[in-house]
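Residue numbers (the working numbering), protein chains in the order written: chain A, 1 to 244; chain B, 1 to 303.
Don't read these hints as lab results, they were simulated from the structure. Positions of the beta carbon are idealized from the N, C-alpha and C atoms, including for glycine. Honestly, I wouldn't trust all of these hints.
Only some residues are given here: those of chain B computed to face chain A with a beta carbon under 8 Å [unchecked claim]:
1) P36
2) V162
3) V165
4) Q204
5) Y234
6) E254
7) M296
8) N300
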Amino acid sequence: MTEEKIISVNNLTKSFGNFTAVDSISFNVNKGEIFGFLGANGAGKTTAMKMLIGISKPTSGEASVAGHDIKINTELVKKSIGYMSQKFSLYDDLTVRENITFFGGIYGLTRNEIKTKTALLVEKLNLHEMANQLVGSLPLGWKQKLSFSVALLHEPKIVFLDEPTGGVDPITRRQFWEMIYAEAHKGTTIFVTTHYMDEAEYCDRVSIMVDGKIEALDSPKNLKKLYNVTSMNEVFLKLARNIE
Amino acid sequence: MSIKVQNISKSYHKFKAIEAISFEVNQGELFGLIGPDGAGKTTIFRILTTLLIANEGTASVAGYDVITDYKAIRNSVGYMPGKFSLYQDLTVEENLNFFATLFGTTITENYDLIKEIYIQIEPFKNRRAAALSGGMKQKLALCCALIHKPKVLFLDEPTTGVDPVSRKEFWEMLKRLQKKGITILVSTPYMDEAALCDRIALIQNGKILRVDSPENIIKKYDKKIYTVQSKNTYQLLENLKNYPSHYSVFAFGELIHYIDKNSDFNPKDLNNYLQENNQTAIQINHVLPTIEDIFMDLSNINQ
Numbered sequence: 001m002t003e004e005k006i007i008s009v010n011n012l013t014k015s016f017g018n019f020t021a022v023d024s025i026s027f028n029v030n031k032g033e034i035f036g037f038l039g040a041n042g043a044g045k046t047t048a049m050k051m052l053i054g055i056s057k058p059t060s061g062e063a064s065v066a067g068h069d070i071k072i073n074t075e076l077v078k079k080s081i082g083y084m085s086q087k088f089s090l091y092d093d094l095t096v097r098e099n100i101t102f103f104g105g106i107y108g109l110t111r112n113e114i115k116t117k118t119a120l121l122v123e124k125l126n127l128h129e130m131a132n133q134l135v136g137s138l139p140l141g142w143k144q145k146l147s148f149s150v151a152l153l154h155e156p157k158i159v160f161l162d163e164p165t166g167g168v169d170p171i172t173r174r175q176f177w178e179m180i181y182a183e184a185h186k187g188t189t190i191f192v193t194t195h196y197m198d199e200a201e202y203c204d205r206v207s208i209m210v211d212g213k214i215e216a217l218d219s220p221k222n223l224k225k226l227y228n229v230t231s232m233n234e235v236f237l238k239l240a241r242n243i244e
Numbered sequence: 001m002s003i004k005v006q007n008i009s010k011s012y013h014k015f016k017a018i019e020a021i022s023f024e025v026n027q028g029e030l031f032g033l034i035g036p037d038g039a040g041k042t043t044i045f046r047i048l049t050t051l052l053i054a055n056e057g058t059a060s061v062a063g064y065d066v067i068t069d070y071k072a073i074r075n076s077v078g079y080m081p082g083k084f085s086l087y088q089d090l091t092v093e094e095n096l097n098f099f100a101t102l103f104g105t106t107i108t109e110n111y112d113l114i115k116e117i118y119i120q121i122e123p124f125k126n127r128r129a130a131a132l133s134g135g136m137k138q139k140l141a142l143c144c145a146l147i148h149k150p151k152v153l154f155l156d157e158p159t160t161g162v163d164p165v166s167r168k169e170f171w172e173m174l175k176r177l178q179k180k181g182i183t184i185l186v187s188t189p190y191m192d193e194a195a196l197c198d199r200i201a202l203i204q205n206g207k208i209l210r211v212d213s214p215e216n217i218i219k220k221y222d223k224k225i226y227t228v229q230s231k232n233t234y235q236l237l238e239n240l241k242n243y244p245s246h247y248s249v250f251a252f253g254e255l256i257h258y259i260d261k262n263s264d265f266n267p268k269d270l271n272n273y274l275q276e277n278n279q280t281a282i283q284i285n286h287v288l289p290t291i292e293d294i295f296m297d298l299s300n301i302n303q
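Kindly generate the complete structure, drawing on both the sequences and the hints.
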């Protein structure tokens, strides 16, 4: 893995009134890395992520994503990243094809590029029979695989995945991670949040947020050694007790 | 018998949400419906809470039939749907008061039951529900579902999207409610929560794969599972999938769970094969299956 920094965060802070949601966090993410961004509910993950994808302004501190300052060049940030979440990913009342065309358009792909990409995606995900079905009728696992692929349509340098596998069946969940691996192997940086601690083990490095601060950041192996436990679940339980 | 479900089926247009589902929940039992999104868990909950009528089959809750005695059921059960369904523009206290009044009771009458949960959100009792964090909303919803002292509590995916610490606390809370004599039917997509239930039904694509205690499901599973690890996990996954007699290969955290097709499988042969494929620091160990292992195997067989 190259040590080229693709995300660098410096004392990033976000306050709402007198509540500090993100409290001066600093970290770097390397190119091609699978970076797990963990924390309890309410620890500030979503707020931090919103700043990194350019949809929320920090109160103080700096960050650059794919070489762009998140305070100044928000539009350039958005162009260099892909984003998918469990809650909102695709339009249920558009077909698979229509969704790809729509998001391709949003990401500024040409008509021809969209055509090629659509064919490629349908082939890769083996969606031939479902290409003209409404996305709403697909099983959740398929939807998530499709929306991951859609988030990669414009070949972003980084893709942000916000709980991509919540509620997904265990087999599809593993297939999804194989897609993540393959994409990281190609050099795309993966920034992912999850509540499945077995998935935390699949990350190159993991950060754990507690009360707006990053309390730990290292490879799963080193974190387990540091806290003298055998699983990431135990690391998490040791660190993130009683938040809220 | 607290809940009795016999051959229940429900379709939405052509889509069969659940097919010939049968199971029973004993009085005072903590029973889990374990399965991913789309398995049909919510449909079962809606039928049992009388919000939906099945196409086929019969069901009863607390001795009442879901069709003929639906009003009696509504009075004797608590239901916490997967989606937050309290009034966003009422405060914490107003929501709780509203639900108490609806069931002809008061907060003070059954305060004992909710006390332990309610004191955690009491500091925010004047805050509107919309402004609560996820964890606090969940606790308020649970209080509202309990305020009329139900005989049976239905919890549809209470821990989805919840972090491991809060999940653990939530289950401890359920165990304490169970001790107070409440029968609990809970659904979850997290396979590791299965072990916390007295009995479970594994459910996938509208069908029940197994009903039993988690211990029995594990005891009765007849395939041998091996954990395999080496220096290069990604490559190891590929190697194992190319091993001729492999039955299934799944990543489990930093380990890989491997099942062989042959009953006379010798781990030494696999070790040699992996060495030939330049794997180093190879470790192969026999382990007991988890519910997740069994779920994946059963859902593969069923497809």
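Numbers of the earlier hints that this structure fails to satisfy, in rising order: No hint contradicted; all consistent.
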